[in-house]
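There are 2 protein chains.
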Amino acid sequence: MKVVIIGGVAGGASAAARLRRLDEQAQIVLLERGEYISFANCGLPYYIGGEIRDPSALTLQTPESFHARFHIDVRVNSEAVAIDPAAKTVQVRNAATGETYQETYDKLILSPGARPVVPPIEGLPNGRIFTLRTIPDTLEIKAYIQKRRPKTAVVIGGGYIGVEMAENLTKEGVSVTIVERIDHLIGPLDYDMACDVHRYLREQGIRVLLKEELKAVRKEGETLILTLTGGEIEADMAILSVGVTPDTDLAKKAGIAVNQRGCIVVNEQMQTSFKDIYAVGDAVQITDFVTEKKGYVPLAGPANRQGRIAADHICNRESAYHGTQGSSILKVFDMTVACTGLNEHTARTLGIPYEKVFTYSPSHAGYYPGGKNMSIKTLYAPRTGRILGAQIVGFDGVDKRCDVLATAIRSKLTAFDLTELELCYAPPFSSAKDPVNMVGFVIENTLAGLVKNFHWHDVASLPRDGSVTLLDVRTQAERAKGHIEGFVHIPLDELRDRLSEVPAGKPVFVHCHSGLRSYLACRILSGNGYDCYNLSGGYRLYESVTKDRAVEDYPCYERPIQPLGTVR
Amino acid sequence: MKVVIIGGVAGGASAAARLRRLDEQAQIVLLERGEYISFANCGLPYYIGGEIRDPSALTLQTPESFHARFHIDVRVNSEAVAIDPAAKTVQVRNAATGETYQETYDKLILSPGARPVVPPIEGLPNGRIFTLRTIPDTLEIKAYIQKRRPKTAVVIGGGYIGVEMAENLTKEGVSVTIVERIDHLIGPLDYDMACDVHRYLREQGIRVLLKEELKAVRKEGETLILTLTGGEIEADMAILSVGVTPDTDLAKKAGIAVNQRGCIVVNEQMQTSFKDIYAVGDAVQITDFVTEKKGYVPLAGPANRQGRIAADHICNRESAYHGTQGSSILKVFDMTVACTGLNEHTARTLGIPYEKVFTYSPSHAGYYPGGKNMSIKTLYAPRTGRILGAQIVGFDGVDKRCDVLATAIRSKLTAFDLTELELCYAPPFSSAKDPVNMVGFVIENTLAGLVKNFHWHDVASLPRDGSVTLLDVRTQAERAKGHIEGFVHIPLDELRDRLSEVPAGKPVFVHCHSGLRSYLACRILSGNGYDCYNLSGGYRLYESVTKDRAVEDYPCYERPIQPLGTVR
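Chains as they are written, first to last, in the working numbering: chain A, 1 to 568; chain B, 1001 to 1568.
It should be emphasised that the hints constitute simulated quantities derived from the structure, not laboratory data. We put the beta carbon where it would ideally sit given N, CA and C, even for glycine. It cannot be assumed that every hint is accurate.
When the alpha-carbon atoms are kept at most 27 Å apart in a straight line, the in silico BS3-like pairs for lysine-lysine are as follows [said to hold, decoys possible]: (1) B:K1433 to A:K293; (2) B:K1452 to A:K372; (3) A:K88 to A:K275; (4) B:K1372 to A:K372; (5) B:K1252 to B:K1215; (6) B:K1142 to B:K1219; (7) A:K211 to A:K547; (8) B:K1412 to A:K433; (9) B:K1372 to B:K1171; (10) B:K1215 to B:K1088; (11) B:K1151 to B:K1211; (12) A:K2 to A:K88; (13) A:K88 to A:K142; (14) B:K1252 to B:K1002; (15) A:K452 to A:K506; (16) B:K1151 to B:K1215; (17) A:K294 to A:K275; (18) B:K1372 to B:K1252; (19) B:K1211 to B:K1252; (20) A:K433 to B:K1293; (21) A:K171 to B:K1147; (22) B:K1252 to B:K1147; (23) B:K1294 to A:K433; (24) B:K1253 to A:K412; (25) B:K1275 to A:K294; (26) A:K412 to B:K1211; (27) B:K1294 to B:K1275; (28) A:K151 to A:K211; (29) B:K1002 to B:K1253; (30) A:K433 to A:K412.
Listed below are several chain B residues computed to face chain A (Cβ distance under 10 Å; list not exhaustive) [unchecked claim]: (31) A1017; (32) R1020; (33) G1221; (34) E1222; (35) F1289; (36) V1404; (37) A1426; (38) A1504.
Work the whole structure out from these sequences, hints included.
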């Protein structure tokens, strides 16, 4: 059997290695148009920031080491330029010599990956504006920084790569501005969960401009001038990280079915519309594990797994890819941001029924030093309580809770199941009730009718005409630091004694700092006949979100061409 | 409704708070024989070591704060001395005044906890030998250390508390010896997983004596002399941490059913043999979630959950406790040790069919700095691949993988499911194939017949008569540091070219450092017609276990009364 693999990173390299492990006799040809195979795509920003010092660390396998270990015919600088599915041949161009030749195959695996989106903008491409996808990209950026010592940089696009680059450029002493088209960074997060990230990045000295799009670029002397929706900003360099697009021109040309977005359509065995041609990784359409809709989620973990599955199927082993749930994570300075499953934006867009809760839990027992709170947003199915998605922003221990919730989602667990998870507890690691258990308890209480929630976005529209009671049960000291207009103040521990101050027969909307004490207040009030509602996520979340929208939080532009008021 | 709760820590305090949240009108009386309620039992060693500085941090609630928040009648220094289940009364003794009085109840919850085992040994009790269970215990030990500045301490019993105390005493500048009766520390670990812990503790300067039992204690002047099975040792102080026993004399006296071990027998709603009397926490018999056998697993997480469930049931809410799986974790210096589910010792004892694999995986991507390997032992059901238990020893990220595996066990996932878990990957947190995915892959390969494993304990009995081939496929540099007698050496990357050196028609037993390259070697050999076997866990594990048993690794006794050779 002869298998040709196009693309030697993640999915392609995984497929090649698995093929060899399954079939010592197969002829395996790995074609890579670049110079490197199996490189650490996700590590590239950290080489630029100096966290990873040795560039050779970025290459997990060399063509030589891969051949020595797996007996694979690795051909770098070799681009597949045409596929003939009928004849089962690939035309290959040697980049060094320019020659082309034909390679036959029994099975073909496409792992072409994705390429950075470069929008059609006046002034692009530009030698000062870089994309980051490959090792040559990385070396180019690093060399530029070392030679030119830029003082300022603009990162266009605030997704994972953009934010990682912002951190790493900051660590290189560069003053960074992130420009993001939508109202928040980190697309897989909902807006309300991203606000903590915005504030934290600003505390690290990074300027965050939201709802700003790049319109044009020009150079004035040595200075790059970027025209945004709301003004112009200057920089010494820029990173363009507005997303990636599947690199599937070759597949399309060969008549392989792709969807509207250009993703290769595959079945659960990763077969394309031609049964002897497989496709894996950042070029393929996936099925969302939670929504069961088709989508595009380019991630390293799924790419590796798909490569393995394609190899399994080629070697007649039962294996199937059951969809992607979008588990992803970001370290930015000391902060960790992680998501898995469905977010609210997608649920609304697709019209999927959901409820949500916000919880705020310590990473480990409060009495053991070093713990920090994490903010968790969990989506669940209204009646069954099945966990649909989670987003977590915090510091230590965020990755753990997101992985547990990812496992719960994969296992189709409900909130009731989360309350029963027996996770490892010792003071340095968790609390006797882990943050994940707490998510379960809060949803269970909601489904059981013990508490009714309202949310930060409901606060503005609550009547201030006396028809309802708005109640803040925090301490005096907390209240003094800021409060929501219209909320009267009775600290929780005084509530039982001051119940007469809460008008009977009117609904009560209660908040505290995080949502826990206001839940207790709701239970006291319910026990005394009140109809009451708890602000999920509390004042903490409300403040995080509403402060983020405040105009005064935005830095000034150097060259305003529109009044600042238009920038939100 | 009037509920009386006996015992104000973990389970009792949880039950009280949940009861109040469910019923604002209930009369709730919390009786605690000690001075403190809801204290941080698991944090006590860290106060002694100075990690937790403020003793008030150890008290999560005071009687006053608990009353203010939950309107609970908290009575400290109040010991329940008799229960009359027929009359539904409790007799209470006020420790301050010595007076007793009767309290009626509609529902009674017992949360008496457990007390440290003090074996019947000559010379005990002794003012220099401390147990650690309560805040007074802790303050006493701390005061002793501050006043007497002991130079040496012996910790009798190497379970969680013992090892945590060993760490914390070391941090206080005390030279520590741990004495353990069985062949390894940390009971829930199997011997083969504990060996890394032994070595690490010794590297931290702690002396570890195994298979040694305390036989007698005496004082010579200011010196404590402890007679062990194999010799005598001296110390300035000792900690006795040989386990706990359910504190159920009161329950027994009242005719409440207990098992042979003295644990209170409860149903899934935490009801005892009297339906109006509930019991929770470290005093009750639990059902093992994996084996479904009855057992005793005193842990804080289950105690809290049981308290909640008892309260739910009293308030007519559906709620059930579905068993304990023994998820537990230990920080010792920078090392983390975690377990969940079934271990091999228990599986063998109960005759439960199982298979096992050892894996060795980096905490995060190798190219990102700071990663360390963790050693994982996973037990699974032979045919189905259902995950039965896991033990992990390592550093960063051990807690995360154990919690994911605990969730997998709770969800009754198989190894096939583990391969599909989509966990969060970015270089600082994991690899594209997480250690948990790797466990799944290795078991999947085994169940699929791609590899057959052998284990460290099989090595000694492998024939050295030429009837089988013993093969070491590590590099020359690794080989030079140590090898297993009788294994011939062909580095993996030379194996295909040197196949003629491997006799045909004979089984081949292969090892490398961790088990990964030897798996690749097995695939090469299988593909060439050999019958071969892979050493699970590799030379690393073999060396860890066999070195641990070596006599030369043991420190000398000060006063040998038996030849050293008898000490294993």
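Do the hints match the structure? See the list:
no., hint, verdict
1, B:K1433 to A:K293, "holds, 25 Å"
2, B:K1452 to A:K372, "violated, 45 Å"
3, A:K88 to A:K275, "holds, 11 Å"
4, B:K1372 to A:K372, "holds, 24 Å"
5, B:K1252 to B:K1215, "violated, 30 Å"
6, B:K1142 to B:K1219, "holds, 21 Å"
7, A:K211 to A:K547, "holds, 16 Å"
8, B:K1412 to A:K433, "holds, 21 Å"
9, B:K1372 to B:K1171, "holds, 23 Å"
10, B:K1215 to B:K1088, "violated, 45 Å"
11, B:K1151 to B:K1211, "holds, 24 Å"
12, A:K2 to A:K88, "holds, 11 Å"
13, A:K88 to A:K142, "violated, 42 Å"
14, B:K1252 to B:K1002, "holds, 23 Å"
15, A:K452 to A:K506, "holds, 15 Å"
16, B:K1151 to B:K1215, "holds, 23 Å"
17, A:K294 to A:K275, "holds, 20 Å"
18, B:K1372 to B:K1252, "violated, 50 Å"
19, B:K1211 to B:K1252, "violated, 34 Å"
20, A:K433 to B:K1293, "holds, 25 Å"
21, A:K171 to B:K1147, "violated, 48 Å"
22, B:K1252 to B:K1147, "violated, 41 Å"
23, B:K1294 to A:K433, "holds, 24 Å"
24, B:K1253 to A:K412, "violated, 46 Å"
25, B:K1275 to A:K294, "violated, 53 Å"
26, A:K412 to B:K1211, "violated, 45 Å"
27, B:K1294 to B:K1275, "holds, 20 Å"
28, A:K151 to A:K211, "holds, 24 Å"
29, B:K1002 to B:K1253, "holds, 23 Å"
30, A:K433 to A:K412, "holds, 21 Å"
31, A1017, "holds, 9 Å"
32, R1020, "holds, 8 Å"
33, G1221, "violated, 38 Å"
34, E1222, "violated, 34 Å"
35, F1289, "holds, 7 Å"
36, V1404, "holds, 5 Å"
37, A1426, "holds, 5 Å"
38, A1504, "violated, 15 Å"
Hint compliance for this structure: hints 2, 5, 10, 13, 18, 19, 21, 22, 24, 25, 26, 33, 34 and 38 are broken, all remaining hints hold.
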